[in-house]
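Peer 1: Heads up: the protein sequence lines correspond to chains A and B, in order. Per the numbering used here, residue 1117 is the first one in the first sequence, and the count goes up by one each step. Per the numbering used here, residue 1117 is the first one in the second sequence, and the count goes up by one each step.
Calculated from the structure, these hints are not laboratory results. Heads up, the beta-carbon is just placed ideally off N, CA and C, and yes, glycines get one too. Errors might be hidden in some of the hints.
To be verified - Computed cross-link-like contacts, DSBU-like style, restricted to lysine-lysine with a CA-CA straight-line distance of at most 30 Å:
(1) B/Lys1290 with A/Lys1290
(2) B/Lys1187 with B/Lys1122
(3) A/Lys1122 with B/Lys1122
(4) A/Lys1310 with B/Lys1122
(5) A/Lys1290 with B/Lys1310
(6) B/Lys1243 with A/Lys1122
(7) B/Lys1341 with B/Lys1352
(8) A/Lys1388 with B/Lys1291
(9) B/Lys1352 with A/Lys1290
(10) B/Lys1341 with B/Lys1370
(11) A/Lys1122 with B/Lys1290
(12) B/Lys1290 with A/Lys1291
(13) A/Lys1394 with A/Lys1341
(14) B/Lys1388 with B/Lys1243
(15) A/Lys1122 with B/Lys1341
(16) A/Lys1341 with B/Lys1290
(17) B/Lys1291 with A/Lys1122
(18) B/Lys1122 with A/Lys1394
(19) B/Lys1290 with A/Lys1388
(20) A/Lys1122 with A/Lys1394
(21) B/Lys1291 with B/Lys1341
Said to hold, decoys possible - Part of the chain A face toward chain B, derived, beta carbon under 7 Å:
(22) Lys1122
(23) Ile1131
(24) Ile1132
(25) Pro1188
(26) Phe1189
(27) Pro1279
(28) Gly1418
One-letter residues, chain by chain:
Number of protein chains: 2
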Amino acid sequence: MSQLRKDPIVGRWTIIATERARRPAAFVDPLSTTTDQKHCPYCQDIASPGVYESQGVKVINSSSPILDESKPFELRGHGLYDVCHSYGVHEIVLETPTHTANMADLPPEQINAVMQTYALRMQTHRKNPFVEYILAYKNYGVAAGSRNIGHARSQIMTVPVLPMRVLDKISGSKKYFDYHERCLFCDMVTQELKSMERVVTQNEDFVVITPFASRFPFETWILPKGHHCDFVEGIKGHEDSLAAIMKDLLLRFKMGLNDPAYNYMIQTSPVKKASSYKDDYHWHIEVMPRLTRVAGFERGTGFYICPIPPEMSASFLREVEIHA
Amino acid sequence: MSQLRKDPIVGRWTIIATERARRPAAFVDPLSTTTDQKHCPYCQDIASPGVYESQGVKVINSSSPILDESKPFELRGHGLYDVCHSYGVHEIVLETPTHTANMADLPPEQINAVMQTYALRMQTHRKNPFVEYILAYKNYGVAAGSRNIGHARSQIMTVPVLPMRVLDKISGSKKYFDYHERCLFCDMVTQELKSMERVVTQNEDFVVITPFASRFPFETWILPKGHHCDFVEGIKGHEDSLAAIMKDLLLRFKMGLNDPAYNYMIQTSPVKKASSYKDDYHWHIEVMPRLTRVAGFERGTGFYICPIPPEMSASFLREVEIHA
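Only chain A is shown next, with the shape it has when bound in the complex:
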């Protein structure tokens, strides 16, 4: 069974795949596959029963899960190390019954249905007392970590521990709140809308910015204008405008940057203590194209070099003419 292992120095968790481990030689020249409709495994999956289905969106369990919910979560020591079996669920969200690769090309109603699916699955998984965090994210394209390309999909993982960067974000925004008694993200939205130099696009409920200390070229964040710590509650009533701004942004990537690989991650408050983050955390979505492999030492230091100012990225994306 796969394991969750904790780095004893910095406290970072890693899922160590065992069952689906690839043989060492497989890393030397990793293959990726673009599937046509006839051979698409997801076009076949969409026809068989899943764990949830609505409006053309279907959720299935991963066929090669790296998480397993069948045994209860139990942390144990291994000398000075911490380890447990990789408790959790790993679901694939098939975003459309048609063989469309990029979410950018889906109609807004379909993107809306995907976002609602994330919220509904999160609501279900929250009931599990072992679940500390629910990750909903997308890898589009080889450079973004996808190995089979051709059918729009995203992933949901429930984990029994708090991912390190989520914890960092929460403590950082709490520190700001404790000092200012205001939400850091709300202040950021105000400042960005005033200066406009890092704003890519906006609608009544959301603004897309390139963050001030961007790590990567064209890194963007979708920030809700209204305050809410939690994705599930926060999107209520704003589903249409979230879908619209997501499509708008992904089309800018596609048209302006030649259909790049990209990732997005829903950043929401942890499950158990959602109420404690009510005032100081603010849900958002990080969306970033994968265009560069710059400065590998970033992996070891967390110190980034962004080869283009975010103001230039924002201005470039603002000027992209989008048409579906």
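Chain B: place on chain A using the hints.
Peer 2: Just chain B, lined up with the frame of chain A:
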């Protein structure tokens, strides 16, 4: 002038390049160049004066520096953000006068000279009161972030802030020390040498392991068996065995993994407070091939999926037959 910008949420610093900013279109299809000896800019640089030179190793200032030491370090606000000009030096270490690409192919004496050069440059840069941390690292190959391939070289950067991951490592090992009154890394060396399942290779002074919670396939750490927080002092008297184990490891990568791209980062204690880390921090080198681009959401969460158990990586690397 380029800037250092701080993410207000997690406190991570990014260097935002401005002068050497690439135009947005340049990211769509980034080019990398393999240079033959005749056109190698580094073979030309090696003949002109540098900032330091010894035993065939030459240090030059980067021709497109992203750091600048000419103005004093001064942090200022920008609304709720923190920013300063990108204070520091950015040096290129040309590791050999010959046009050899991979450090794995250099004689051990030459690798020894490179390591001694890092130590000497660190000693010099430490005298600058604005310098908080000195990064010495290598990007080998396109996947590791190098854009001009062909001449072995590495980089030294001095920065006026503590990189986030360095801070995390230091606080983590301090916590362990405060509780156990023992160095976490020393305990790790003991445990790894006892179990041997994650040991790749060792000599009298160093052991190479694949870390228990490895983030990447074939991630390795070179750990000194003796305790020292600081690279500069710590390598004294162990230069030969460091060079030998580095060559041994890099040859295993080259032979076993088909000359992969890789990075290494010297992890040493911060400059100013080196004495406070005397007991609880332990210098080491992270060395990792860049074989996969898995799970892009790691960027946003710090939650990793390693598709091969480190025990399997270690056993594979152990069995590689190395010959120069």
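Peer 1: Could you tell me which of the numbered hints above are not met by this structure, giving the numbers in increasing order?
Peer 2: Hint check: 5, 6, 9, 16, 25 and 26 fail, others pass.
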